[in-house]
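Enquirer: Following the hints, position chain G against chain B.
Protein chains in written order, with the numbering used here: chain B, 1 to 403; chain G, 1 to 403.
In case anyone wonders, no lab produced these hints; they're calculated from the structure.
Hints may be right or wrong, so weigh each one.
Partial list, derived from the structure: chain G residues whose beta carbon lies under 7 Å from chain B [claimed, not checked]:
(1) K29
(2) D328
(3) P359
(4) E360
(5) L362
(6) D364
(7) G378
(8) I390
(9) M398
(10) V401
(11) A403
Taking lysine-lysine pairs in the DSS-like style, the calculated list, with each CA pair at most 25 Å apart, reads [claimed, not checked]:
(12) B:K372 / G:K372
(13) B:K60 / G:K224
(14) G:K189 / G:K224
(15) B:K292 / G:K400
(16) G:K397 / B:K372
(17) G:K400 / B:K60
(18) B:K181 / B:K120
(19) B:K60 / B:K397
(20) B:K60 / G:K60
(21) B:K7 / G:K397
(22) B:K372 / B:K292
(23) G:K128 / G:K29
(24) B:K7 / G:K329
(25) G:K400 / B:K372
(26) B:K204 / B:K117
(27) B:K60 / G:K235
(28) B:K372 / G:K166
(29) B:K235 / B:K400
(30) B:K372 / G:K329
(31) G:K163 / B:K292
(32) G:K29 / G:K329
(33) G:K235 / G:K224
(34) G:K292 / B:K7
(35) G:K399 / B:K60
(36) G:K372 / G:K29
Here are the computed distance ranges between Cβ atoms for each label pair [what the hints assert, rightly or not]:
(37) G:H376 / B:V160: 43 to 53 Å
(38) B:G380 / G:A265: 54 to 64 Å
(39) G:M375 / B:F59: 48 to 58 Å
(40) B:Q95 / G:E325: 44 to 54 Å
For every residue, glycine included, the Cβ atom is placed at its ideal position computed from N, Cα and C.
There are 2 protein chains.
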Amino acid sequence: MADRPIKQLGFRTPLEVASIPNITDLARKGALGLLDVIAPGHPPGSDTAHLALLGYDPFKTYPGRGVFEAAGVGINLVEGDVAFRGNLATISEDQVIVDRRAGRITEGADALVNALKDIKIESVEGVKLLIEHATEHRFAVVFRGLNLSPSVTDTDPHEVGVKLPKCQPTEHSLAAERTAKAVNEFTEKALQILREHPINLERKSRGLMPANAVLLRGPAMMSKIPTLEERFNIKSACVAAVALVKGVCKIVGMEVINVPGTTGAVDSKLENKADAAVQLLRDHDLVFINVKGADEASHDADIEGKIRVIEKLDSMVGRILNNVEDLDKLYIVITADHATPISVRNHTGDPTPLLICGPEVLPDGSREFSEKAAMHGGLGRLRGMDVMPILMNYLGKMKKVGA
Amino acid sequence: MADRPIKQLGFRTPLEVASIPNITDLARKGALGLLDVIAPGHPPGSDTAHLALLGYDPFKTYPGRGVFEAAGVGINLVEGDVAFRGNLATISEDQVIVDRRAGRITEGADALVNALKDIKIESVEGVKLLIEHATEHRFAVVFRGLNLSPSVTDTDPHEVGVKLPKCQPTEHSLAAERTAKAVNEFTEKALQILREHPINLERKSRGLMPANAVLLRGPAMMSKIPTLEERFNIKSACVAAVALVKGVCKIVGMEVINVPGTTGAVDSKLENKADAAVQLLRDHDLVFINVKGADEASHDADIEGKIRVIEKLDSMVGRILNNVEDLDKLYIVITADHATPISVRNHTGDPTPLLICGPEVLPDGSREFSEKAAMHGGLGRLRGMDVMPILMNYLGKMKKVGA
Numbered sequence: 001m002a003d004r005p006i007k008q009l010g011f012r013t014p015l016e017v018a019s020i021p022n023i024t025d026l027a028r029k030g031a032l033g034l035l036d037v038i039a040p041g042h043p044p045g046s047d048t049a050h051l052a053l054l055g056y057d058p059f060k061t062y063p064g065r066g067v068f069e070a071a072g073v074g075i076n077l078v079e080g081d082v083a084f085r086g087n088l089a090t091i092s093e094d095q096v097i098v099d100r101r102a103g104r105i106t107e108g109a110d111a112l113v114n115a116l117k118d119i120k121i122e123s124v125e126g127v128k129l130l131i132e133h134a135t136e137h138r139f140a141v142v143f144r145g146l147n148l149s150p151s152v153t154d155t156d157p158h159e160v161g162v163k164l165p166k167c168q169p170t171e172h173s174l175a176a177e178r179t180a181k182a183v184n185e186f187t188e189k190a191l192q193i194l195r196e197h198p199i200n201l202e203r204k205s206r207g208l209m210p211a212n213a214v215l216l217r218g219p220a221m222m223s224k225i226p227t228l229e230e231r232f233n234i235k236s237a238c239v240a241a242v243a244l245v246k247g248v249c250k251i252v253g254m255e256v257i258n259v260p261g262t263t264g265a266v267d268s269k270l271e272n273k274a275d276a277a278v279q280l281l282r283d284h285d286l287v288f289i290n291v292k293g294a295d296e297a298s299h300d301a302d303i304e305g306k307i308r309v310i311e312k313l314d315s316m317v318g319r320i321l322n323n324v325e326d327l328d329k330l331y332i333v334i335t336a337d338h339a340t341p342i343s344v345r346n347h348t349g350d351p352t353p354l355l356i357c358g359p360e361v362l363p364d365g366s367r368e369f370s371e372k373a374a375m376h377g378g379l380g381r382l383r384g385m386d387v388m389p390i391l392m393n394y395l396g397k398m399k400k401v402g403a
Numbered sequence: 001m002a003d004r005p006i007k008q009l010g011f012r013t014p015l016e017v018a019s020i021p022n023i024t025d026l027a028r029k030g031a032l033g034l035l036d037v038i039a040p041g042h043p044p045g046s047d048t049a050h051l052a053l054l055g056y057d058p059f060k061t062y063p064g065r066g067v068f069e070a071a072g073v074g075i076n077l078v079e080g081d082v083a084f085r086g087n088l089a090t091i092s093e094d095q096v097i098v099d100r101r102a103g104r105i106t107e108g109a110d111a112l113v114n115a116l117k118d119i120k121i122e123s124v125e126g127v128k129l130l131i132e133h134a135t136e137h138r139f140a141v142v143f144r145g146l147n148l149s150p151s152v153t154d155t156d157p158h159e160v161g162v163k164l165p166k167c168q169p170t171e172h173s174l175a176a177e178r179t180a181k182a183v184n185e186f187t188e189k190a191l192q193i194l195r196e197h198p199i200n201l202e203r204k205s206r207g208l209m210p211a212n213a214v215l216l217r218g219p220a221m222m223s224k225i226p227t228l229e230e231r232f233n234i235k236s237a238c239v240a241a242v243a244l245v246k247g248v249c250k251i252v253g254m255e256v257i258n259v260p261g262t263t264g265a266v267d268s269k270l271e272n273k274a275d276a277a278v279q280l281l282r283d284h285d286l287v288f289i290n291v292k293g294a295d296e297a298s299h300d301a302d303i304e305g306k307i308r309v310i311e312k313l314d315s316m317v318g319r320i321l322n323n324v325e326d327l328d329k330l331y332i333v334i335t336a337d338h339a340t341p342i343s344v345r346n347h348t349g350d351p352t353p354l355l356i357c358g359p360e361v362l363p364d365g366s367r368e369f370s371e372k373a374a375m376h377g378g379l380g381r382l383r384g385m386d387v388m389p390i391l392m393n394y395l396g397k398m399k400k401v402g403a
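Chain B extracted, bound-state conformation (with noise of 0.2 Å):
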């Protein structure tokens, strides 16, 4: 939700424009301060900012994005499985990429995707796959075996015009060499079944683009990261839409609730998030819950649509606040995992306001929820991972440093 002054708003942001009462009362018994999600000027990823809020060193913790794009989309990972994130593609009879999204293939997508769960790899011993599809042209896919490497490049160019690169290893190591083998082995046999599937005939017959190839990228392998639970003694869950931030969620450890309605976009039911945030808080220490609609629309320069994403944020706020059991002990935050101005339509390295409000918070006078307010806020300008340990604080979690 975080923004820059916009010139059509008269120089203010979205959330100083916005009708936010349910968060302003909360700033008035709270405190606020400036948050750099990853670090000062540096724009935060999905995966990175949710790691980061949700206490985790981004530069030391992060494996990559193929792990949080699995595990979003239900695929249990095991130590040393190596995940990509992959997209259906359109390549011509001579392999350049012609559409990275084939034509954002909707329909038939999930069957396309079920179709290349037959694939076996026989030229590197002992590797097991699995697959599972997301959404439109969207995938996951993870290589399982002893010996595999994330030291392999994608074979997603990010471009069209190009022609479908191999994998190649990025280290001179026996384990990226396999893994190397087995995304080629993998991608070409994909191209042979997704060629002469029924689904991609009917595509073309019908003048749409074929969804005949495979693009990997974010290789990354899973490594045993310390849960929530480990660290803090909490029992947590998360209410998000977005497949990468639930993977995020489920890789450390959260449980992670799908919500009927919500679907990330700007006209997702943040009220069924609101009833399933405070169902999940009557048994559950911690709920996390992610908005991206104001993301959404930020990426779109829908200044109105962000505005309105802002105003049913507070609204989802203030159904909690009416329903939740025990009001009287529960702590709240409120930040932005990144900045997307407007102006830039893409996430930027600015700082995000933050709120906390709870029993034991010690007000700063702040009278509103804004990046203004939040340059002059109590809590000052901390970093992303700075916050859970500072929640924690108040539930009394944190173990002593020392004696």
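Expert: Using the frame of chain B, we list chain G on its own:
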């Protein structure tokens, strides 16, 4: 320019007393913060300060003074070079140090340093010397060859009345032993050349201290530092008079501009720096300007001189703002690389005031630029190495961390 409350100024600082209308205007449009250039309480050197302000971790990236001194006097360093800062000095017959700066020799110093260029290292195989005069008693010397090391002692004991020391390895390695041997051979041969040099005979006849010895300090090995262009994909230039600062800028890949009439002293022609900056901004993404005069005045406890330099600096800023093309796209950062309080007459670890102004910077409501105003600035408290990512974020030059 940063200072502490000064009694003679009614416990105000030079920055509070100086008339700085242009910078005041920028403060009202932009945002302020406190900057720990290295880390809280740590007095920065000029080299580490600039390394940090240009976005490098001074604790991880600093190779030692020698390479910056050598780069600053125009020696093109290659990886593996071991560089020293050198002083022409005066020693007695029995090699006791009488003056570490040979009576601050000016005239003839360059000829004496040039005479040292004839020295050939014979005791260590494959070692070549590169020597350049800087200003007054200052020069730089580089030992080039395979298997050298910066792990050797200074031959400058930083005090008079002691014998000229031998260079010693500080680690048990062939490279350190070879380097110490080469330094000692260079020193002995320099003594022979300087003793009989006509300039020194003439100095003696005039009752001046002969520059009859060399003192080396700050051994540092050149290693590859990623340039600003490699890190941020920007074209950058530096306008500075001080060799050490120019050296840092050169090592990080900036174009280093020599501006006539700029000396690093209180009387340096800052309007020429302004004009050079305006010119450079036509085809560079980043122009860095260093003004040394306020620090010089502080070392001399010259309160009035310091105020005057700050006012000249403000005029320089005004001249840039009046003449730059595309003012509406310009981002400006104003800060000090360290405090040099009049009361201390040396660099201290006080935080310095930071000002950022530009088209998309959220104004924090500041009314002036001063140490005190910076304490309440909306940017909070930052590290020197955060400034570049923050600036590059506004320029859209930061890469996303994660996906």
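Enquirer: For this structure, which hints from the list above don't hold up?
Expert: 1, 2, 3, 14, 23, 27, 28, 31, 34, 38 and 39
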